[in-house]
Structure formats: structure tokens, C-alpha cells
Amino acid sequence: MTTLLISDLHLDTDTPEIADGFFAYLDGHARNAEALYILGDFFEAWIGDDILDHPAMAPLATQVVEALRRVSDAGTHLYLMHGNRDFLLGERFATDAGLTLLPDPTVIELAGERVLLMHGDSLCTRDTAYMAFREQARNPQWQAQVLAMPIEQRLELAKNLRMQSGEAISNKAEDIMDVTADEVVRVMAEHDVRTLIHGHTHRPAVHSLEVNGRPATRMVLGDWQPKRGWEIRAESGQMPKLRDFPLRG
5 MTTLLISDLH LDTDTPEIAD GFFAYLDGHA RNAEALYILG DFFEAWIGDD
55 ILDHPAMAPL ATQVVEALRR VSDAGTHLYL MHGNRDFLLG ERFATDAGLT
105 LLPDPTVIEL AGERVLLMHG DSLCTRDTAY MAFREQARNP QWQAQVLAMP
155 IEQRLELAKN LRMQSGEAIS NKAEDIMDVT ADEVVRVMAE HDVRTLIHGH
205 THRPAVHSLE VNGRPATRMV LGDWQPKRGW EIRAESGQMP KLRDFPLRG
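The sequence shown begins at 5 in our numbering and counts up one residue at a time.
You may find that some hints are simply not true.
No farther apart than 16 Å at their CA atoms in a straight line, the calculated lysine to aspartate or glutamate pairs in the EDC-like style are these [unchecked claim]:
hint, residue 1, residue 2
1, K163, D24
2, K231, D18
3, K245, E48
4, K231, D77
5, K163, E48
6, K231, D248
7, K231, E21
8, K163, D18
9, K245, E117
It is worth saying that the hints were derived from the structure and are not from the lab.
This one's a predicted model, so the numbers in the text were calculated from it and none came from an experiment.
From just these sequences and the hints, can you work out the full model?
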């Protein structure tokens, strides 16, 4: 059986090629897989499940929900982890799409090995400004306050947050936005794993390291582009492999 892991699609009405490529991916690769894990930043922004009722937002969101439900109904187990762009994805979306929301981090078993799954943003501890925002954004009280706002006000907030994020990124050193090596080792040791899979950094690669005196591996998923997607594929009895592939709409 095949297990697939993807991340950082940033689905948005401004990038229909990626959405179309994802729908084709679901109808092809994912339909024959035992499980599909989406490790955060599935949407460019998600301001609450009630956007499924909003005239401007609903078309893409509903199309995604319906596409996921078809795959789930066909027998593929679907799992979704929140990212830093879509941390307000809730139970209504999960139920309608036929998927399970996962905590970050989560340990699963692949090819008989314990594997740690994360979005990856919590590993970027040198970016202190972002880490402060992350703590706020994961606070249930803050989330409740945001979800109580009218949708139009939330849309404006999401727009402003994206602008602030873009400005902040342009002023930060590249290494600050990458994971902190010591934090990677600490988290892997805490969960007693030798393989970590995450996204977030948009720096697809396979890294070798050492955890508790044993060889270990960190696999980083890439972000999807209009003509290219990234996945980690784990076939039955084989260790996972990172690959990119052309998107087709």
C-alpha cells in the first residue's frame, strides 16, 4: 500500500493552476493510496469554516471539500495538520471533507518505523518575532475572538497579516527563517524517532543528522507551484522518498 504526504499548496483563487493540479492529483495518485497526509498551509489563508457559506470564498473551498470527500469515500484515509496559514481550519471542514485533523506534532508508522510529522514552523526558533505570533495564533481565546468577527473584517485581517509577513520575510536573514538544528534534534529525541517529515520552509531536501548517537533523517517537503508539485511517497515495506512531479490540470 502507498502512503502520500504533501504540504504547502497554499490553495487560493489567485493560483487556479495549483488547485486544478491538486484535483488531478487526487483523481490519480491519491485515489489509489491507502492514506494521504497534508502537513499544513493547505490554503493560502483560511479565516474560518463559515467561508463555506460566503459567496466570494465558497466556490474554491467547496470544490476542495467535494474533491476530498470523493477520495475519502473511495477508501483513502485523509489527514490534515494545521499550518501557519490555515490554523483556523475546523471540524466542519474536516467532517465535510471526510478527513481527520492531526495535532502538530504527530507520530505515525511507515515501513515499520516511527516517523514524526510536523508542519515545521515550530522548528524555526531563531525567528523570535514569528514564534511570538505563532503562540498567539494557537491560543484558543485569540482564535475565538477572530472567529467572532464579521467575515469581511477577518478577510481584511488575513490580508494585513500576509502583507506584514511578506515585509518581515524580506528583512530577515535566510538562515533565521530555516529550522534550528538543535531544535530538530531535541524534538526528534523527545519523540524517539529517527525520521522527521515536515514542510513550511519551502526548501525541499533530505538531510542526514544524528539523534542520540544514531543516524537520522529529516525530509522537507517543497511548496507547490503552478507547474510542479512535491510529495513524499512511502510504498509498502519501503522507506519514504521525496520527489517532485509535473502538475496537470
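Restraint status (C-alpha distance of K163 to E48 at most 16 Å): Roughly 10 Å separates the two Cα atoms, so the pair holds.
Open item on the list: Does D248 sit within 16 Å of K231, going by the straight-line distance between their CA atoms?
Closed with: 10 Å, holds
| said: Need the status of pair K231, D18: alpha-carbon distance at most 16 Å? | reply: 14 Å, holds
K163 and D18: Cα distance at most 16 Å? 13 Å, holds
Given the hint that K231 pairs with E21, does the C-alpha gap stay at or below 16 Å? The hint holds at about 7 Å.
| query | Is the Cα-Cα distance between K245 and E48 16 Å or less? | reply | Distance of about 26 Å is beyond 16 Å: violated.
Original post:
Within 16 Å, alpha carbon to alpha carbon, are K231 and D77?
Top reply: 28 Å, violated
Exercise. Below or equal to 16 Å on CA atoms is what counts here, so check K245 against E117.
Key: Satisfied, since the Cα-Cα distance of roughly 14 Å is no more than 16 Å.
Please verify whether K163 and D24 have alpha carbons no more than 16 Å apart. Distance ~24 Å between K163 and D24 Cα, so the pair is violated.
Hint violations for this structure: numbers 1, 3 and 4, all remaining hints satisfied.
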